[in-house]
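Chains as they are written, first to last, in the working numbering: chain A, 1 to 256; chain B, 1001 to 1333.
To be clear, the hints were calculated from the coordinates, so they are not data collected in a lab.
Take these hints with a grain of salt, some might be off.
Capping the alpha-carbon separation at 25 Å, the derived lysine-lysine pairs in BS3-like fashion look like this [stated by the list, open to error]:
1) B:K1142 to A:K251
2) B:K1229 to A:K249
3) A:K25 to B:K1142
These stretches of chain B come out as covered by chain A in the derived footprint (C-beta under 8 Å, 3 or more residues) [as the list claims (entries may be wrong)]:
4) 1044-1056
5) 1078-1091
6) 1221-1235
Label-pair restraints from in silico Cβ distances [to be verified]:
7) A:K113 to B:N1031: 58 to 66 Å
8) B:D1214 to A:V224: 47 to 55 Å
9) A:G168 to B:G1062: 45 to 53 Å
10) A:K34 to B:K1229: 50 to 58 Å
11) A:D216 to B:K1229: 40 to 48 Å
12) A:E53 to B:E1307: 18 to 26 Å
13) A:T155 to B:D1143: 25 to 33 Å
14) A:A246 to B:G1062: 45 to 53 Å
15) A:M95 to B:A1047: 29 to 37 Å
For every residue, glycine included, the Cβ atom is placed at its ideal position computed from N, Cα and C.
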Amino acid sequence: MALKVLVGCKRVIDYAVKIRIKPDKLGVVTEGVKHSMNPFDEIAVEEAMRMKEAKLVNEIIVVSCGPAQAMETIRTALAMGADRGIHVEIPVDQMDTFQPLHVSKVLAKLAEKEKVDIVMLGKLAIDDDSNQTAQMTASLLDWPQGVFASKIDQTDAGLEIIREVDGGLETIRTTLPAVLSADLRLNEPRYATLPNIMKAKKKKVVKMTPADLGVDMAPRIQIVSVEDPPVREAGQTVADVDDLVAKLKEKGFFSA
Amino acid sequence: MFSTPTKLSGLVNTLRFARNQSTLVLVEHNNEKINPVTLNAITAARALGGEVNCLVAGTSCGDVAKEVSSVEGISKVLVAEDAAFEGFMPEKLTPILMASQNQFKFTHIIAGASAFSRGLLPRVAAQLDVSPISDIIGIKDKDTFVRTIYAGNAIMTLKSMDPVKIVTVRTTAFEPATVGGGSAALEAAPAAAGDTADVSQWVGQELSKSERPDLGSAKVVVSGGRGMKTGDNFSMLYDLADKLGAGVGASRAAVDAGMVPNDMQIGQTGKIIAPELYIAVGISGAIQHLAGMKDSKVIVAVNKDPEAPIFQVSDFGLVADLFKAVPEITEKI
């Protein structure tokens, strides 16, 4: 039962970087700033690789939407073991209003074109924190979804997925094809080894635009402003537990 | 048939205004009671102005529908009861929401931000071909919303140009509506068009049972991180929490290490809370954890590392060995 997986990856500002707001207050400074593959997408690629190693999957196609530098992210996924890549080119000046809605339309078209059985995404991107793309892609395809997955297993009829939800864990079953999104604890992604990085250079990456897929890029939002959050006043160190308890009592906590 | 432009257009504009402000609140529940996140969503819906309606879909809606109808400011409660909604599967609930939307043409569909609404509302948005807006912390007007990006390190104000706004609401940003005093009409929700194929099935859930206050609404939260070392050591936090009537949370590191279950995780991709008092024990203060608690009114940090980033956001920082300090705090309060 060799399945085909389409994995989506996004290039984002690295999770450890302290971001700065642009002087025009319409965005965040990205120039000269360290970028990496969205951590949730690394987990998605890793899960696809484990399915391939377990012989559930025989082909992994990685796709990334973005300007020229999105190729870095595609190469990373190829170095982790994906078989080939698709770069959907988005001009830099359209990135700010390029929403999950647009991405999901691209992914849905590619899923149909490539006849994949699973679309695997990260739960959310750490820049926009939306947590929408997998759900929207599933909806457009009219496929079931297994989102915020912390464990994925194959069954006779499809997949059994354990999901992280607010109260704990939930188990669902879906048929195939399906759209999945990876949560933090699904797996621990591998590092690309040097031989695999070298091999990745030979793997094929095809370029296309959303227009090639018949996807309308018209913006749905207008960014009014991007600002710093309110700054907390500096706090103080307390000498010991007695000091701490006294200060908290002053603030009105632990009234006797 | 001659129209009198000034009088009629004034009336038409009033009607257009009335039709333009109609919100559907998706009620989250467990077939027994409303989930509190819905009460915060109702407050947000009322802030938009115009009519506020609610949808209760589940396997046994009677009690919940009654409770919702008693919240002030609700026009009507649409009820959809069906065995097929077991587990509140998004594939099954999307058609019900679509049927209500197609009949009533709401301008806004809102829910409290939660795993449930995040799973479902984007599916509906894709069907309506609109761009959903997640986790808002403010409403500027019926088209303009405020939300955080980059783990709360930037605040974005955006205007939606879509004809229907699909919005989830961060509960810490809106007061909960009070239950009682209202008497909305109950009505059967329009039936879903067509038959949904059985592509997904709810198997079961493993929910943590706790007598402690729910993290989203607790006034005081005690939270443990990597410094706790083992799950057993969390018992000293539970003792402190018991004395304070507090909820207990954890950092990602503690959950990843298997010390505590995932529903206790506080952070960018866990729960985002803003209690009166947040006590961070053995938590270093990574950006992603701060995203989940930096709006707390008072933050206390206990950590043996004076360089821990948590001390940059704490109001009171105690550099100490938590294994000595925490029992001492419990004893002395």
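Each hint tested on the structure:
A hinted pair counts as satisfied when its Cα atoms are at most 25 Å apart, and K1142 of chain B with K251 of chain A does not qualify at roughly 38 Å. Proximity of K1229 of chain B to K249 of chain A is assessed by CA-CA distance (about 29 Å); at most 25 Å being required, the pair is judged violated. This hinted pair checks out: K25 of chain A and K1142 of chain B have alpha carbons roughly 22 Å apart, not beyond 25 Å. A count of 0 residues in the region 1044-1056 of chain B with a Cβ less than 8 Å from any Cβ of chain A is obtained; the coverage claim is therefore unmet, three being the minimum.
By the rule of at least three residues with a Cβ nearer than 8 Å to a Cβ of chain A, the coverage given for the region 1078-1091 of chain B holds, with 4 such residues. For the region 1221-1235 of chain B, the proposed coverage by chain A is not satisfied: 0 residues have a C-beta within less than 8 Å of a C-beta in that chain, short of the threshold of three. As the Cβ distance of K113 of chain A to N1031 of chain B is approximately 42 Å, the hint placing it in 58 to 66 Å is violated. In this structure, D1214 of chain B and V224 of chain A break the distance hint of 47 to 55 Å, their C-beta atoms being roughly 34 Å apart.
Taken as a hint, the range 45 to 53 Å is violated for the pair G168 of chain A and G1062 of chain B, whose Cβ atoms sit roughly 26 Å apart. Between K34 of chain A and K1229 of chain B the C-beta distance comes to about 32 Å, which lies outside the given range of 50 to 58 Å. Checking the proposed 40 to 48 Å range against D216 of chain A and K1229 of chain B shows it is violated: the Cβ atoms sit about 53 Å from each other. Judged by the Cβ atoms, the range 18 to 26 Å given for E53 of chain A and E1307 of chain B is violated: they are separated by roughly 41 Å.
At roughly 45 Å, the beta-carbon separation of T155 of chain A and D1143 of chain B lies outside the given 25 to 33 Å, and the hint is violated. For A246 of chain A paired with G1062 of chain B, a C-beta distance near 52 Å keeps the hint of 45 to 53 Å intact. With their beta carbons about 31 Å apart, M95 of chain A and A1047 of chain B fall inside the hinted range of 29 to 37 Å.
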